[in-house]
Amino acid sequence: MLTLGIDSGSTTTKGALFDGEKIVRTAILPTSANPKDSITKLYDILYNQDVAYTVSTGYGRALLDQADKQITEITCHARGAAFLNPSIRAIVDIGGQDCKAILLDNGLNVVDFIMNDKCAAGTGRFIEVMMRILEEDISNIDQFVEGHQPMNITSMCTVFAESEIVSLLAKGADKGDIALGIINSICRRTSFFAQKLNLSGDIFFSGGLAKFEIFRSTLEGYLKIPVHTSPLSQYAGAIGAAVIGYNKVNRTQI
Amino acid sequence: MEIKKELPEVFNDFGEMRKKSFLAAYEMKQKNIPFVGTFCTYFPQELAMAMGACVVGLCSTSDETIPEAEKDLPRNLCPLIKSSYGFAKTDKCPYFYFSDLIVGETTCDGKKKMYEYLGQFKPVYTMELPNSQSPVALELWTKEVIKLKEKLESHFEVTITDEAVREQVKIMNNVRRALKEFYSLCKNEPVPMLGQDMFKILYGSTYKFDKANLAGEIHALTEKIQKEYEENPNKYPKAPRILVTGCPIGGGAEKCIKAIEDNGGHVVVFENCSGAKSCDREVDENNPDIYAAIAERYLSIGCSVMTPNPNRLELLDRLIDEYKVDAVVEVTLQACHTYNVETLGIKRFVNEKKGIPYMAVETDYSTADIGQLNTRMAAFIEML
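Residue numbers (my numbering), protein chains in the order written: chain P, -14 to 239; chain C, 44 to 427.
Don't read these hints as lab results, they were simulated from the structure.
Note that the structure is predicted; figures quoted are calculated from it, not measured.
Incorrect hints may appear among the rest.
What the hints assert, rightly or not - Listed next, with one range per pair, are the computed distances between beta-carbon atoms:
| # | chain 1 | residue 1 | chain 2 | residue 2 | range |
| --- | --- | --- | --- | --- | --- |
| 1 | C | I413 | P | Q128 | 39 to 49 Å |
| 2 | C | K281 | P | Q128 | 49 to 59 Å |
| 3 | C | P233 | P | D127 | 48 to 58 Å |
We put the CB at the ideal spot given by N, CA and C, even for glycine.
Given these sequences and hints, build the entire structure.
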């Protein structure tokens, strides 16, 4: 028996298949302007006849007709992160259009969470916009900023930060220094935000940026608490959805 | 003085609903009933009622007039203040338009500064509300209550007798008791009505002007719901019981109540201006000094403009127990500094003293955040 979890995020749609012990398969697609298409396409890629239950999550969670249940990304991220690393007690997720911090108790249940949502500052979108101005591909970011000195980027607003960077470029500033400055800026902001919760135990870092070591280490530097990621970090929401789905089926069978 | 009896020039441009409410107000004005416009639960209604005036709430809750208000006021200001000012400027609200006197209080910084501009094109009188509940503050506020009575007398050229005030105190106490009895229905589990329906009655009752008959009307409604509940106690399934606290939530911010109830929770009690905050305490009818009794009752309202603000915690403490509350949701309006700052203290109280979850959401009158509100409320309720 398998369960399927699909996380329809603002930038990417992720899916994971769970067999009760391990994640057997994952898939990812960019979320198109028609998120229903993306989530349905991902469902078609991953679904097979062994799938007993499907849980959808993320902003587009209501769009999948085949889903047996919809659960919010807060609950799913928490469950997925705790599955990937049971030693953690909090999750920091930098998503495409929001940023969230989730606090767990010792039983790995969600006890508190906060979301920023009013503005693109502190989200994946911020970094995307900045990298576009620098004409650099985000997938090489770790190498790109290696050995550089961070510039001070002070603007909180995505639009103002953009003009700040344009004027730094005009002054002939080094692009790697600027990029590292941007990373510092977003990580500093995220850590202030997350510290509104009473963080004490280890942190799991999820979302698309978690696959880059520079974001993990910078965030850890600001938070002063061990920050963990996993190669499957970006799939945390989808994995959580699949795990919750599995528990549901098991519970009803007993 | 002559009270305002004509319809505004822009009347013919209005939609049907708005025309209707203008005409209802117009008819009252033809009967020579003066309108006193107010913004806040701190306004001692009994005084204006004692001279036969109709007390109308002017707190506006729609983003329709905000662009007009932002021509004069900062954008980063509470939407309630901007919306209200905008309605005053555009003559789009019948109560604003027909108000013969508008009474504000020095409550929050945004409102008291807004009143200065409002006073330049509307007849505004501002009461000096102290920002603490000390004996000295009560002394000042008692004087302000008497000054208000004198202002009403001179402005409308009437005499307000102590007997008339005392009579209105009894009427308003009856209304408070009836509303309290009504919302107490939700002490039952499962609930006999949804929070969104309860809120409509609570909020709507502030726009019922025949206060003498209001208590009876509410009482009849309470009995009807009670009877239906006895016949069918399981109309609504059991669900996590939510207390809503924070800023005034009429109109645009009602989306928060809906988001809670659409995502599996039930709002069982409101600790807001149109809920328990304004019904919980009565004026002492037996106090020989009726003005002192009024001052004492109104000053003890637990609004975040007070420092310190122990009465809010006292009321929350009681409501959480009496309504068997599973979690607290605080709804604040953007740039409402006093409520936004107070969220930390409320969170600590709710988490640590009462041992239940708490979440704060900051919102405005737009519909831009409905998707995010739904996600937050759903996640919060999944957590319970």
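* Asked: Which hints from the list above does the structure break, by number from lowest to highest?
  -> none
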